[in-house]
Amino acid sequence: MVILKEMNYIVFRNRGRTALSVCIAALLVCCMSFYLGSIQTAESAEKNLAQVIPVTAQVVSRSGARTVGFEIDENHFANLMKADIKDAVYTASACANFQEQYRAEDVQGADTSVTAVSGLSALVGVTEENITFENGYDLSFLESAEPLCVVSQSYAAQYGLNSGDTLSMPFYVMRYNDDGFSLRYEHLGMQGVKIIGVYADSASGSAVPCSMIVSVPWLQTVVKENNLRFYYSSFRCALRDPMKLNDFKDAMRGAGFAKPDPNALDERHGDTLVVDDQLFIETAEKLEQNLKVLRWFLAPFFALVIVLVTLVTFLLLRSTRRDMAIARSLGVSKWRCAAPNFISTVLLDMLGCAVILPILSAALHIPALSAHAIFGLFTLCAALGTAAALLCLLRFDTLTLLTQID
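Under this note's numbering, residue 406 is the last one in the sequence shown; the count climbs by one each step, no gaps.
Just so you know, the hints here were simulated from the structure itself, not pulled from any lab data.
Quick caveat, the model's predicted, so the values are computed rather than measured.
Check each hint, because a few of them may be wrong.
[To be verified] 27 Å max Cα-Cα, derived DSS-like pairs, lysine-lysine:
| no. | residue 1 | residue 2 |
| --- | --- | --- |
| 1 | LYS286 | LYS86 |
| 2 | LYS249 | LYS82 |
| 3 | LYS292 | LYS244 |
| 4 | LYS292 | LYS47 |
| 5 | LYS47 | LYS244 |
| 6 | LYS244 | LYS82 |
| 7 | LYS82 | LYS224 |
| 8 | LYS286 | LYS47 |
| 9 | LYS286 | LYS249 |
| 10 | LYS47 | LYS82 |
| 11 | LYS244 | LYS286 |
| 12 | LYS249 | LYS292 |
| 13 | LYS244 | LYS259 |
| 14 | LYS86 | LYS47 |
[As the list claims (entries may be wrong)] Computed Cβ-Cβ distance ranges for the label pairs, DEER-style:
| no. | residue 1 | residue 2 | range |
| --- | --- | --- | --- |
| 15 | LYS292 | ARG253 | 22 to 32 Å |
| 16 | LEU394 | GLN51 | 48 to 58 Å |
| 17 | GLN99 | ALA251 | 40 to 50 Å |
| 18 | SER113 | GLY160 | 12 to 22 Å |
| 19 | GLU129 | VAL274 | 27 to 37 Å |
| 20 | GLY69 | LEU291 | 37 to 47 Å |
| 21 | ALA78 | GLY160 | 34 to 44 Å |
| 22 | LEU265 | LYS292 | 43 to 53 Å |
| 23 | PHE34 | LYS292 | 13 to 23 Å |
Beta carbons: idealized from backbone N, C-alpha and C, even for Gly.
I would like the entire structure built from these sequences, with the hints used as guidance.
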């Protein structure tokens, strides 16, 4: 009870000093919040970097000049799909002849370009919004092995086709000859496919990407039924966890993928991988460097806060040395003299923290857990700083100090 009366006397005897103590505490809490907030922001930015700057990988020709139209064998494709990737987009190419005059045994060309896709993002200018599906059908047909297709508006108009029609015509896959440049047509036999939708041609008037869109599972089934090897013609994806970029590259090297060679002449094999990671690496390195600096200065920062608390407390409580000297002359121990000052000063610092912290939390969107951590850390710094200041203040000779006062 006596300590409470002394604390009440210390706090309310000099209201200006009390207000100053609360304001300084609030200012120090602001500094601490901004510093810890900078660390948290940098950590969050590093964690979410993959969403802001995704790392993509794409199969290209050996020279790196082409991103579509080569042969990706199923082994390389399987190794890619086993990796820690997401948003895989791939295609396979075929063709067909609608007009009977082109259906010769020795095929020299095709009037229908066919692209099997895993998703519409593989095609430029084709979106779900510009496809008019027949009732009961949607993009889920790309996941099935049913003989279904979507044709371009210009192709449908050229041959008088409509949704619901079934096309029966010879299909082919194009394969590179031994020279690695010229192509040949391999027969897939007569195939019947049902038109379930028509997509609008590009509004810009540019060439449509293909005449017909089919599913990869259907084309793969047809190719294998004809005892032919199935090849993908393009592949791109994004890494699920770009922070494991080196692991991904090592795995791909082990799977037989190489880096592009600008001098390579082979445009046939799709066994070359390009990883677009430069911007991600540069940004990640900068964030990591900033985090290292902030973390390295974390201990000195808290030491500075303690020093500032010590200095402020020493200056504010210096005038109380006379009261402590009188108490000491009456036989009161040093710790008993310091206790009311210590408790009241720490409580005032906590009050300043409690006043400013909700405002900072609302303005800076500080999570409740982080706010509690700031409150606890500042209280610890305030306690250490106040204790240090009182140790300095109590280093006096009672008789000498009372004589000087007299």
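For the pair supplied as a hint, LYS286 and LYS47, is the alpha-carbon distance within the 27 Å limit? Roughly 13 Å between the alpha carbons, so the hint for LYS286 and LYS47 holds.
Does the alpha-carbon distance linking LYS286 and LYS86 stay inside the 27 Å limit? Cα-Cα ~25 Å, so holds.
Are the Cα positions of LYS249 and LYS82 separated by 27 Å at most? Roughly 13 Å between the alpha carbons, so the hint for LYS249 and LYS82 holds.
Can you tell me whether the CB distance of GLN99 to ALA251 sits inside 40 to 50 Å? holds (47 Å)
Could you check the hint for me, namely that LEU265 and LYS292 are 43 to 53 Å apart, CB to CB? Hint holds: Cβ distance 46 Å, inside 43 to 53 Å.
Taking 27 Å as the top limit, are the C-alpha atoms of LYS249 and LYS292 close enough? holds (26 Å)
Can the suggested window of 12 to 22 Å be confirmed for the beta-carbon pair SER113 and GLY160? For SER113 and GLY160 the Cβ distance comes to about 19 Å; the hint holds.
Are LYS82 and LYS224 close enough, with their CA atoms no more than 27 Å apart? Roughly 22 Å between the alpha carbons, so the hint for LYS82 and LYS224 holds.
Taking only the CA atoms, is the gap from LYS244 to LYS286 under or equal to 27 Å? Between LYS244 and LYS286 the Cα gap is close to 17 Å, so the pair holds against 27 Å.
27 Å Cα cutoff - pair LYS244, LYS259: holds (19 Å)
If you check the beta carbons of LEU394 and GLN51, does the distance land in 48 to 58 Å? holds (56 Å)
Taking the beta carbons of PHE34 and LYS292, is their distance inside 13 to 23 Å? Holds, at about 19 Å.
Hint compliance for this structure: no hint is broken.
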